[in-house]
Amino acid sequence: DAKTTQPNSMESNEEEPVHLPCNHSTISGTDYIHWYRQLPSQGPEYVIHGLTSNVNNRMASLAIAEDRKSSTLILHRATLRDAAVYYCILRSPDAGAGNMLTFGGGTRLMVKP
Amino acid sequence: DAGITQSPRHKVTETGTPVTLRCHQTENHRYMYWYRQDPGHGLRLIHYSYGVKDTDKGEVSDGYSVSRSKTEDFLLTLESATSSQTSVYFCAISESWTGGLTPTRPADTQYFGPGTRLTVL
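Chains A and B are the protein sequences, given in the same order. When we follow our numbering, the leftmost residue of the first sequence carries the number 1, and every step to the right adds one. When we follow our numbering, the leftmost residue of the second sequence carries the number 1, and every step to the right adds one.
Excised from the complex, chain A in its bound form (with noise of 0.2 Å):
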């Protein structure tokens, strides 16, 4: 599976916007960038997806670089609620029924009020 880099923490203040990056330049041209993060005590959850064009959701957006070796988690106003681990991992949907997750260290987001 293709790696993903990512820095191990960030911090951000309340109510301030986050970027936070990722960076896979061995990424293959089939393969989706997924975001998941996981809270204090908690499973993982979905944040976002996206292939190649900028993506929003409720939660927040995805910018993807033009060339696909890189992109960005952007939580537009940090809550103290946001504050978790964030993951980067990609997904090829050639992959089998045992498709796991490939869980990095991810980035450690910490929120100050």
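Accuracy of the hints is not assured; some may be wrong.
Claimed, not checked - Distance ranges between label pairs, derived from CB positions:
id : chain 1 : residue 1 : chain 2 : residue 2 : range
1  : A       : Thr-52    : B       : Ser-7     : 39 to 49 Å
2  : B       : Lys-57    : A       : Pro-7     : 25 to 35 Å
3  : B       : Gly-16    : A       : Asn-56    : 50 to 60 Å
4  : A       : Leu-39    : B       : Thr-26    : 18 to 28 Å
To be verified - With the Cβ distance kept under 8 Å, some of the chain A side facing chain B (calculated, not the full set):
id : residue
5  : Pro-44
6  : Glu-45
7  : Gly-105
To be verified - Here are some chain B residues pointing at chain A (derived, C-beta under 10 Å):
id : residue
8  : Gln-6
9  : Tyr-33
10 : Gln-37
11 : Gly-40
12 : Leu-43
13 : Arg-44
14 : Phe-90
15 : Cys-91
16 : Ala-92
Because the hints were derived from the structure by calculation, they are not lab data. Backbone N, C-alpha and C define an ideal beta-carbon position, used for all residues, glycine too.
Fit chain B to the known structure of chain A by using the hints.
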């Protein structure tokens, strides 16, 4: 939220004893997964199921077995627990394993349970 429960939520046991963890879903999703999460390793897949009585190994399956006799239940068994199996265990479900083209979320989105914290002394 997806209807996934795990039981027990916490368990302390001794080395050598058998332990069974249960994952129950109300979503009628076909695919179920067991992961473990340890500091420095992230989440790692133990076993998964792609249907009733259809299971397969993940990347860290040694010392674990699973069973799925009903769509809604996926059991993880440690036949003889060891201290190295102290971990947080997460169950996950998904409707499909393909990437999917749904605009809002992919068909293979995995939904996770709340986790079981297991301590083996």
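Hold the hint about Pro-44 of chain A up to the distance rule: shortest CB distance to chain B must be less than 8 Å. 5 Å, holds
Restraint: Phe-90 of chain B near chain A, CB-CB cut 10 Å. Satisfied or not? With Cβ-Cβ at 5 Å, under 10 Å, it holds.
Verify the interface restraint on Ala-92 of chain B: the C-beta must sit less than 10 Å from at least one C-beta of chain A. This hint holds: Ala-92 of chain B lies near chain A, its Cβ roughly 7 Å from the closest one there, short of 10 Å.
Confirm or reject the claim that Gly-16 of chain B and Asn-56 of chain A have a C-beta distance inside 50 to 60 Å. Roughly 52 Å apart at Cβ, these two residues keep to the hinted range, so it holds.
Given Cys-91 of chain B as an interface hint, is its Cβ closer than 10 Å to any Cβ of chain A? 8 Å, holds
Is the distance from the Cβ of Thr-52 of chain A to the Cβ of Ser-7 of chain B consistent with 39 to 49 Å? Because 42 Å falls inside the window, the suggested range holds.
Pro-7 of chain A and Lys-57 of chain B - C-beta distance against the hinted 25 to 35 Å: For Pro-7 of chain A against Lys-57 of chain B, whose Cβ atoms are near 33 Å apart, the range 25 to 35 Å holds.
Quick check on Tyr-33 of chain B please, does its C-beta sit within 10 Å of some C-beta on chain A? Holds, because the Cβ-Cβ distance from Tyr-33 of chain B to chain A comes to roughly 7 Å (cut-off 10 Å).
How about Gln-6 of chain B: closest beta carbon in chain A under 10 Å, or not? 9 Å, holds
Would the stated hint for Gly-40 of chain B survive a check requiring a Cβ distance to chain A of less than 10 Å? At 9 Å from the nearest chain A Cβ, Gly-40 of chain B passes the 10 Å test, so the hint holds.
The hint names Glu-45 of chain A as touching chain B; please verify it with the least Cβ-Cβ distance against 8 Å. Check passed: Cβ of Glu-45 of chain A comes within 7 Å of chain B, closer than 8 Å.
Given Gly-105 of chain A as an interface hint, is the shortest Cβ-Cβ distance to chain B below 8 Å? 7 Å, holds
Figure legend: structure checked against the earlier numbered hints; every hint is met.
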